[in-house]
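Q: Chains as they are written, first to last, in full-length UniProt numbering: chain A, 1 to 588; chain B, 1 to 246; chain C, 1 to 234.
Keep in mind that the hints were calculated from the coordinates and are not lab data. By construction, the Cβ of each residue, glycine as well, lies at the ideal position given by its N, Cα and C atoms. Among the clues, some could well be false.
Stated by the list, open to error - Cβ-to-Cβ under 10 angstroms is the rule here; a few derived chain C residues that face chain B: (1) MET95; (2) GLN153; (3) ASN154; (4) CYS155; (5) GLY157; (6) PRO158; (7) GLY159; (8) ILE161; (9) PRO164; (10) PRO165; (11) THR166; (12) TYR167; (13) ARG196.
Claimed, not checked - Examples of chain A residues toward chain B, derived with CB under 8 angstroms: (14) MET195; (15) LEU197; (16) LYS423.
Said to hold, decoys possible - A few chain B positions that, by computed beta-carbon distances, are all more than 12 angstroms from chain C: (17) GLY73; (18) LEU97; (19) GLY162.
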Amino acid sequence: MARRLPEVDVVLVGMGWTGALLAKELTDAGLRVVGLERGVPRQTVPDFQTPTMHDELRYAVRHGLMLDPATETLTFRNFTGQTALPIRQLGSFLPGAGLGGAGVHWNGQTWRFHASDFNLRTHTEQRYGRDIIQEGLTIQDWGLSYDELEPYYDRFEKICGIGGKAGNLRGVIQPGGDPFEAPRSSEYPLPPMPMPLGPTLFAQAAEQVGAHPFPLPSANLSRPYTNSYGCHLQPCNACGFCERFGCEHFAKSSPQVCVLPVLMGRENFELRTRSTVTRVNYDSTAKRATGVTYIDAMGQEVEQPAGIVALCAFSYHNVRLLLLSGIGQPYDPASGEGVVGKNYTYQTMAGVSVFLDGQKNINPYMGAGALGMAVNDWQGDVFDHSGLGFIGGAYLGGLQTGGRPIEYHPVPSDTPRWGGAWKQAVRQHYNSTLGISVHGSSMPHRYNYLDLDPTYRDGLGQPLLRMTFDFPANDRLMADYLTDRALEIGRAMGGRVEASRRTGHYSIVPYQTTHNTGGAIMGANPRESVVNRYLQHWDAHNLFVMGACVYPHNPGFNPTGTVGALALWAARAIREDYLADPRPLVQA
Amino acid sequence: MTADLTRRDLLAAGGTAAASLPLAAHGQGMPGHAQGQAAQAPPRVWRFFNEAEARLVTAMVDRLIPADAEFTGAAGAGVPEYLDGQLAGAWGHGNRLYRLGPFQQGTPEQGYQLPFTPAELYRLALPAFAAWVRQGYGSGFEALPGALQDEALSRAETGEAGFEQVSSAVFFETLLANTVEGFLSDPMYGGNRDFVGWRMVGFPGPYAGYVDLLERHDLRFTRAPRGIAEAMQEHAAHHRAPTPQR
Amino acid sequence: MRRFLAFALALCVTSAVAAAQLLGVDPDRRQVESGRAVAAGAGGQGQQGACFRCHGFDGAAEHAAAFPALAGQSAEYLLAQLEAYASGARANPIMQPIAAAMTPEQRRDVAVYYAAQPLPGGRARPQGDAALLQLGGVLSAIGSAERGIQACQNCHGPGGIGVPPTYPRLAGQPEAYLAATLRAWKTGERPSTAPRMTMAIIARRLTEQDIAAVARYFAAVPAGPVQRARGVLP
Chain A
1 MARRLPEVDV VLVGMGWTGA LLAKELTDAG LRVVGLERGV PRQTVPDFQT
51 PTMHDELRYA VRHGLMLDPA TETLTFRNFT GQTALPIRQL GSFLPGAGLG
101 GAGVHWNGQT WRFHASDFNL RTHTEQRYGR DIIQEGLTIQ DWGLSYDELE
151 PYYDRFEKIC GIGGKAGNLR GVIQPGGDPF EAPRSSEYPL PPMPMPLGPT
201 LFAQAAEQVG AHPFPLPSAN LSRPYTNSYG CHLQPCNACG FCERFGCEHF
251 AKSSPQVCVL PVLMGRENFE LRTRSTVTRV NYDSTAKRAT GVTYIDAMGQ
301 EVEQPAGIVA LCAFSYHNVR LLLLSGIGQP YDPASGEGVV GKNYTYQTMA
351 GVSVFLDGQK NINPYMGAGA LGMAVNDWQG DVFDHSGLGF IGGAYLGGLQ
401 TGGRPIEYHP VPSDTPRWGG AWKQAVRQHY NSTLGISVHG SSMPHRYNYL
451 DLDPTYRDGL GQPLLRMTFD FPANDRLMAD YLTDRALEIG RAMGGRVEAS
501 RRTGHYSIVP YQTTHNTGGA IMGANPRESV VNRYLQHWDA HNLFVMGACV
551 YPHNPGFNPT GTVGALALWA ARAIREDYLA DPRPLVQA
Chain B
1 MTADLTRRDL LAAGGTAAAS LPLAAHGQGM PGHAQGQAAQ APPRVWRFFN
51 EAEARLVTAM VDRLIPADAE FTGAAGAGVP EYLDGQLAGA WGHGNRLYRL
101 GPFQQGTPEQ GYQLPFTPAE LYRLALPAFA AWVRQGYGSG FEALPGALQD
151 EALSRAETGE AGFEQVSSAV FFETLLANTV EGFLSDPMYG GNRDFVGWRM
201 VGFPGPYAGY VDLLERHDLR FTRAPRGIAE AMQEHAAHHR APTPQR
Chain C
1 MRRFLAFALA LCVTSAVAAA QLLGVDPDRR QVESGRAVAA GAGGQGQQGA
51 CFRCHGFDGA AEHAAAFPAL AGQSAEYLLA QLEAYASGAR ANPIMQPIAA
101 AMTPEQRRDV AVYYAAQPLP GGRARPQGDA ALLQLGGVLS AIGSAERGIQ
151 ACQNCHGPGG IGVPPTYPRL AGQPEAYLAA TLRAWKTGER PSTAPRMTMA
201 IIARRLTEQD IAAVARYFAA VPAGPVQRAR GVLP
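Please work from the sequences and hints to get the whole structure.
A: Structural data, given as structure tokens:
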């Protein structure tokens, strides 16, 4: 029997970015908040230190900070007709585990989406007509606009101390920034990082082909910074160990650095680590969540009643909890009915390598996770898609994130995979090769979705989440078109170029990105979405769902900036609207 | 015949006792332990491999990353020792591997679906590869000329080498990935001896901070690498009894 | 013979070699000899400002004094300090006129000269409050969660041996020099590398006791090369 605890005002499931932000905002409002985190506590001091944190084998290859698949994983298949099999070792994406979540080991590339991303269907049909939308694509509007979200992007950037250069300040195009971005109310809080040779060559080449390069918005801090919560951050020293590592310099925005210092120690906040939530308790008659049940650090089942429940776990894990809890109608691809698990999307990645063959010293290990230059000339709907046969786009980026050699040793594709020639090639190309990443959008498709696996279970005996996904034809066309653009820039950079195109089926083996999105999407009505524009569940007004699982499609940007902005947007709605009169904030 | 073959026979017969046989002394009194190999492999106690496995895997990885005029190969870099440590440890025994069934063959896109831990995979595949080579080439892998060793490895890579219980291609990919790891990971794990892998590419190691150098484009930067274990030793050395003041 | 030995040792010291290569010059005889002459007072600063008067020809620390040890320090770092003194960016009534009187070549050569000197073997014998030394060790290796400061060793290397070219060696520096430098950052007398201000921020968060502890700790760490045997952790 579960031990039943006294009711609290709010229980948060997961203490990564969204959990930390909600905890801060809702304790500010005087609420008693409990944060449940299934992983271990960890802090900059003493857990992240040179040299032990800079251990590529332990953290990058063996995934030392990530979710242990032996505890919980997913099953995967490309098509509905296949048998989904468990992802036995992590590969394509790396969900976080532990306090701070993936916010500890992200790169820090912090974007805003474009205005047309928020009303994708309306915008697309208006500009091109319905025919450009390929059969099976289930794109839809998000239920809120960029202009509504803009103040919250601004707030999140000021919590993180993002370094960048505005390209559009209140409608006025700014030199040096991204001229295609949606209007910003203010400049980035910090300037960009100094640019090394690789991104500089990329930017010069991009200008040559007529594109508009700008510094990629970065959560690796370019200056010392005190954020809007009063937390102190320090400047990045470009050690080249961001993605998959914790930062020992207080120099990468994370829940640990940006939020927890003011949150921990508050009397109305309690953090419980090693607490694995197994379900949200739901009163289907009253259409209310009554709290959550979790397994505590001692393996005991505990029930935590709460007035408000917010799912703040990693993207698809929120979807799994909704399915395990029986809240909302599961999506059925055959009929197209149901919503939970619908519109699972990813990121369509491709790339170009530029081999300078020893002509330049790139020094790839002098890096930071978001250090680089990018162009958005072929992003979203910046360019005319007429006659192209696809929607969406990508940013092209010349980044220098680090040169950790087990995973970074680029060689031309005609190099043997092993032996003396491979060794020579690794030696020759390590310090003189540049990459251009194609960071492409992912459009939802009727047959790409999440549901519960009929066979495989986790360590607690609960069904695993089942992922059915392959790249839709739309996205393959997009990636091909964008890779051609990247090749043009690569050629202008003066080296030998090689494309890594988006071919074949989606595979869970090679790492691509941890940008798993959709599955509990937001929208204008309960027939086509799980949550409303305030991330409030249509079937339980005291249940809120955070994270990238609410994206109806995944634009061609890294998702974290919008994850943060939406959490702050939802927090405001809870504080200023919901608390005074708990009810559905949008009438179905 | 020799102690090694006895172990291999045991292995082939499925005897897990092979793994727990007492380790024989290195070199001395070991028939079948060729002089050249004894000179190559530094004397050490293997934690996972038996002597025959160690010799075979040493010869295999040294073809995957062979020595050249400037930089030693995988054997000289300690990759066999790296593999031994990994396989004897938590990773070898299935840490961070989802191991619940049912097990069934999947598509390549579905990734690793075998029921074996890495340690079990190596324990099955090494003698299987040895037997397959002996049958096809009439000799042990270690005794083959380099070109034939490469051919045998290529046939394992493509899956052409027929092992009974495990795909040779799956094993080859595991071995190749682990060999690269051993050559380029921090030397505290046993490989990358004397920082050979890092020196070869020019990676300065875990002590890193370059923000003041980012705008010095095309800088020829060389700094002798320093590893985690070395740093820890240095740190510990600082805490020994103080030397007399100058 | 002594010079040969010094060179052989210097080549073992990664900092000197790497820094010199960064400058585009190996520590060749001409540079080192020219730098030695500058140290002896042949530079624009003259005999009155001869470096050796305080820093010795060997660049070793005087533990009782507040002069930094220069031997084996990163040449780039030494040069950057001389440039900062010369421009007045780093305020110091003694060093400012000396550095300003040197030509850029003299500053470079004397930096290369001291960088090429072998690391001294001695260190201060830790004295007094063991708890203070312990606090210094903790701040050095782990930092402080309470103050939000990172470990010294994250940038300055194991035991503060320095990570050239940017991060100077702290190990074996005189306690009084280390403490004075941290205070200079705290008060703003020593401008940290603009615009990032890393050391200024850290120093501002250190209490007087923290400063005393860190200074005592690094003064007690031997500067000299320790055995570089490659080890495998169990």
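Q: For each hint, tell me whether it holds in the structure or not.
A: Each hint tested on the structure:
no.	hint	result
1	MET95	21 angstroms, violated
2	GLN153	8 angstroms, holds
3	ASN154	8 angstroms, holds
4	CYS155	5 angstroms, holds
5	GLY157	5 angstroms, holds
6	PRO158	4 angstroms, holds
7	GLY159	4 angstroms, holds
8	ILE161	7 angstroms, holds
9	PRO164	7 angstroms, holds
10	PRO165	8 angstroms, holds
11	THR166	5 angstroms, holds
12	TYR167	6 angstroms, holds
13	ARG196	7 angstroms, holds
14	MET195	7 angstroms, holds
15	LEU197	4 angstroms, holds
16	LYS423	6 angstroms, holds
17	GLY73	18 angstroms, holds
18	LEU97	24 angstroms, holds
19	GLY162	37 angstroms, holds
This entry does not satisfy hint 1, going by the numbered hints stated previously; all others are met.
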